[in-house]
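S.K.: As a plain string of letters, each chain reads:
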Amino acid sequence: MKRKHLSKKEVEHIAWLAHIELSDKEKTLFTEQFNEILDYFKKIDEVDTEGVEPTYHVLDLKNVSRKDKTEPSLPTEEALRNAPKKEKKFIKAPRIV
Amino acid sequence: MPKLQELTARETIQKIQGNEATAEECVHAVFETIHRLEDKINAYVTLTEEEALKKAKQIDRKLSEGKPVGKLAGVAVAVKDAICTQGIATTCSSRMLKNFVPPYDATVIERIKREDGVIIGKTNMDEFAMGSSTETSHFGPTRNPWDMSRVPGGSSGGSAACIVTDEAVLALGTDTGGSIRCPASYCSVVGLKPTYGLVSRYGLIAYANSLEQIGPMAKDVYDCALFLTVIAGHDPKDGTSVKAVPKDYTELLKNSVEGFRIGVPREFFGEGTSDAVEKQVWKGIHKLEELGATYEETSLPTLEHSLAAYYIVAMSEASSNLARYDGLRYGYRVEKDDGDWATVYSRNRRIGFGTEVRRRIILGTYALSAGYYSKYYLKALKVRTLIRNNFEEAFKKFDVLVGPTMPFPPFKIGEKIEDPLALYMSDVDTVAANLAGLPAISVPCGFTDGLPVGMQIMAPPLREELTLQAAYTFEQNTSYRNRKPAVK
Numbered sequence: 001m002k003r004k005h006l007s008k009k010e011v012e013h014i015a016w017l018a019h020i021e022l023s024d025k026e027k028t029l030f031t032e033q034f035n036e037i038l039d040y041f042k043k044i045d046e047v048d049t050e051g052v053e054p055t056y057h058v059l060d061l062k063n064v065s066r067k068d069k070t071e072p073s074l075p076t077e078e079a080l081r082n083a084p085k086k087e088k089k090f091i092k093a094p095r096i097v
Numbered sequence: 001m002p003k004l005q006e007l008t009a010r011e012t013i014q015k016i017q018g019n020e021a022t023a024e025e026c027v028h029a030v031f032e033t034i035h036r037l038e039d040k041i042n043a044y045v046t047l048t049e050e051e052a053l054k055k056a057k058q059i060d061r062k063l064s065e066g067k068p069v070g071k072l073a074g075v076a077v078a079v080k081d082a083i084c085t086q087g088i089a090t091t092c093s094s095r096m097l098k099n100f101v102p103p104y105d106a107t108v109i110e111r112i113k114r115e116d117g118v119i120i121g122k123t124n125m126d127e128f129a130m131g132s133s134t135e136t137s138h139f140g141p142t143r144n145p146w147d148m149s150r151v152p153g154g155s156s157g158g159s160a161a162c163i164v165t166d167e168a169v170l171a172l173g174t175d176t177g178g179s180i181r182c183p184a185s186y187c188s189v190v191g192l193k194p195t196y197g198l199v200s201r202y203g204l205i206a207y208a209n210s211l212e213q214i215g216p217m218a219k220d221v222y223d224c225a226l227f228l229t230v231i232a233g234h235d236p237k238d239g240t241s242v243k244a245v246p247k248d249y250t251e252l253l254k255n256s257v258e259g260f261r262i263g264v265p266r267e268f269f270g271e272g273t274s275d276a277v278e279k280q281v282w283k284g285i286h287k288l289e290e291l292g293a294t295y296e297e298t299s300l301p302t303l304e305h306s307l308a309a310y311y312i313v314a315m316s317e318a319s320s321n322l323a324r325y326d327g328l329r330y331g332y333r334v335e336k337d338d339g340d341w342a343t344v345y346s347r348n349r350r351i352g353f354g355t356e357v358r359r360r361i362i363l364g365t366y367a368l369s370a371g372y373y374s375k376y377y378l379k380a381l382k383v384r385t386l387i388r389n390n391f392e393e394a395f396k397k398f399d400v401l402v403g404p405t406m407p408f409p410p411f412k413i414g415e416k417i418e419d420p421l422a423l424y425m426s427d428v429d430t431v432a433a434n435l436a437g438l439p440a441i442s443v444p445c446g447f448t449d450g451l452p453v454g455m456q457i458m459a460p461p462l463r464e465e466l467t468l469q470a471a472y473t474f475e476q477n478t479s480y481r482n483r484k485p486a487v488k
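Chain order of the listed sequences is A and B. First residue of the first sequence: 1, per my numbering; consecutive thereafter. First residue of the second sequence: 1, per my numbering; consecutive thereafter.
Chain A extracted, bound-state conformation (with noise of 0.2 Å):
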């Protein structure tokens, strides 16, 4: 039998992590979806990295920067054009605290 990477139980602690709601049909069939992927991740043990540098990135950029500047920016009716719900010059948040 296959190892087990993921219980049930895990799925739903990490999309919740994610802030990702599932039903009870999905975590099940995301777990055994995830164990087989993970299963198939271990292939990248077989690797020896012992002393190698990991590649973030393969361009050798740096802190690309600009100057501090005040540019033309959004006009406040357009930045908030897309948001399903507002008021005055708000974007409405649900309830936080």
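Hints were generated in silico from the structure; no laboratory data involved. None of the values given here were measured: they were computed from a predicted structure. For every residue, glycine included, the Cβ atom is placed at its ideal position computed from N, Cα and C. Any given hint might turn out to be false.
[What the hints assert, rightly or not] Facing chain B, a subset of chain A residues (Cβ under 8 Å, in silico): (1) Glu21; (2) Ile44; (3) Val47; (4) Pro72; (5) Ser73; (6) Pro84.
[What the hints assert, rightly or not] List time: in silico SDA-like cross-link candidates among lysine to any residue, alpha-carbon distance up to 20 Å: (7) Lys98(B) to Ala79(A); (8) Lys86(A) to Glu335(B); (9) Lys54(B) to Glu115(B); (10) Lys67(A) to Lys98(B); (11) Lys283(B) to Arg483(B); (12) Lys92(A) to Phe100(B).
Based on these hints, arrange chain B on the given structure of chain A.
M.R.: Leaving out everything else, chain B in the frame of chain A:
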């Protein structure tokens, strides 16, 4: 005589500037084709006919007044729906962004407009570019014009399908792990993933930002070179944009591969490669040899691990990039949102995202979580270094590396969608170029049972002209590009 919509970009430009047709007629002919075929193909999410015809008329006016026009004057350009277009809905084929209308243009769009290209619509794709079949689109799958029961490849499936059916002359795609090359191969068009950083990603909706590039898709290699010339170049708005010397890739096209040293990595013909694909690609390699190149079989052992490393990196980056979709500033928001913020966000994301997107975000979150970060994410990035080194070594010996774009021909719609891992396997030959940031092109190299096969040609960073030259020479000395699907 070919009909106006059948012309390549180069031919369209010649026709218009030679006064044999107007830009309006050319764009109109493409829209007529769209109206005739779109019910069957479903290549587009949004069409912008009115604005496009207006733009075409403006170009005609400029020409009649003797004013200068841009490099793409009058050419109908389709844009993958992951690229922001000011005032035109940009959905990423997701319910999450169904109503999103960007307040600005991506840099590539500005460049196309500056050269008088005519934007005709936004093409269908896998949701947030996550897929290899265009089946995960919220707006339904695009169909493969060669066989309507099959997938067009993905994630830029709409962009490839619209070109081969003459529903567009040029199209923009994006490629994170093969999303330009896969559909190019499956639909028999030319598609190039540029070197990481050559084309600005400003205005591209991010999926895995250390891997993805916007690139050209076209009816032939010349058009691909022309389109790349227009969109490439440094952009201060993209912090990962390369300051490379601008090139006119059309001027660098030569109908010769004399002296080209071709490497054929045997890992590209690994387990799961269909015999028919293998045979056809080898025929292509022998054709290049006949045209003056030399080839040698070689091995890049790290390629065996590229697929696993790619998916770990891509999912990890996706989980971070897609955290922005909370349904507040833009995107889907549930009607009844009187719960606490975490519940509301979780519900927005549950309904707004499709299954594959949720799957990748959750698995990416896991790969980045405490205790698993080094086991998965960091380990994958180290493997990525070894893959890069492997390529660097290979390019000391070879000018280009050649293999299949896809391990098997286009599969049936629905065949793999329930089995994510099986679907991921189809990217086995394309992901390495993204991990290493290399340019790679897919060029049509024949058919098997009436289904297209693509040949992939890779080159060292910023040597797009080598992939284009090899592809151009191959194309000019074969007749595959003349074959068109019989969609009526």
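S.K.: Given Ile44(A) as an interface hint, is the shortest Cβ-Cβ distance to chain B below 8 Å?
M.R.: Since the shortest Cβ distance to chain B is 5 Å, the answer is holds.
S.K.: Hold the hint about Ser73(A) up to the distance rule: shortest CB distance to chain B must be less than 8 Å.
M.R.: violated (10 Å)
S.K.: Given a cut of 8 Å on the nearest C-beta pair, is the interface hint for Val47(A) held or broken against chain B?
M.R.: For Val47(A), the interface hint holds, since the closest Cβ of chain B sits about 5 Å away, which is under 8 Å.
S.K.: Under the criterion that the straight-line Cα-Cα distance not exceed 20 Å, is the pair Lys98(B), Ala79(A) satisfied?
M.R.: holds (17 Å)
S.K.: So if I understand the rule, the pair passes when the alpha-carbon distance is 20 Å or less; does Lys54(B) with Glu115(B) pass?
M.R.: holds (16 Å)
S.K.: Given the hint that Lys283(B) pairs with Arg483(B), does the C-alpha gap stay at or below 20 Å?
M.R.: Status holds; Cα separation ~18 Å.
S.K.: Restraint: Pro84(A) near chain B, CB-CB cut 8 Å. Satisfied or not?
M.R.: holds (4 Å)
S.K.: Is Lys86(A) within 20 Å of Glu335(B), Cα to Cα?
M.R.: holds (13 Å)
S.K.: Holds or violated: Lys92(A) and Phe100(B), Cα atoms, limit 20 Å.
M.R.: holds (17 Å)
S.K.: With a cut-off of 20 Å on the C-alpha distance, tell me whether Lys67(A) and Lys98(B) pass.
M.R.: It is violated: about 36 Å lies between the C-alpha atoms, which goes past 20 Å.
S.K.: Closer than 8 Å between Cβ atoms is the bar; does Pro72(A) clear it against chain B? Give me holds or violated.
M.R.: For Pro72(A), the interface hint is violated, since the closest Cβ of chain B sits about 12 Å away, which is over 8 Å.
S.K.: With a cut-off of 8 Å, does the beta carbon of Glu21(A) approach a beta carbon of chain B closely enough for the hint to hold?
M.R.: For Glu21(A), the interface hint holds, since the closest Cβ of chain B sits about 4 Å away, which is under 8 Å.
In summary, the structure is inconsistent with hints 4, 5 and 10 from the numbered list given earlier, while agreeing with the others.
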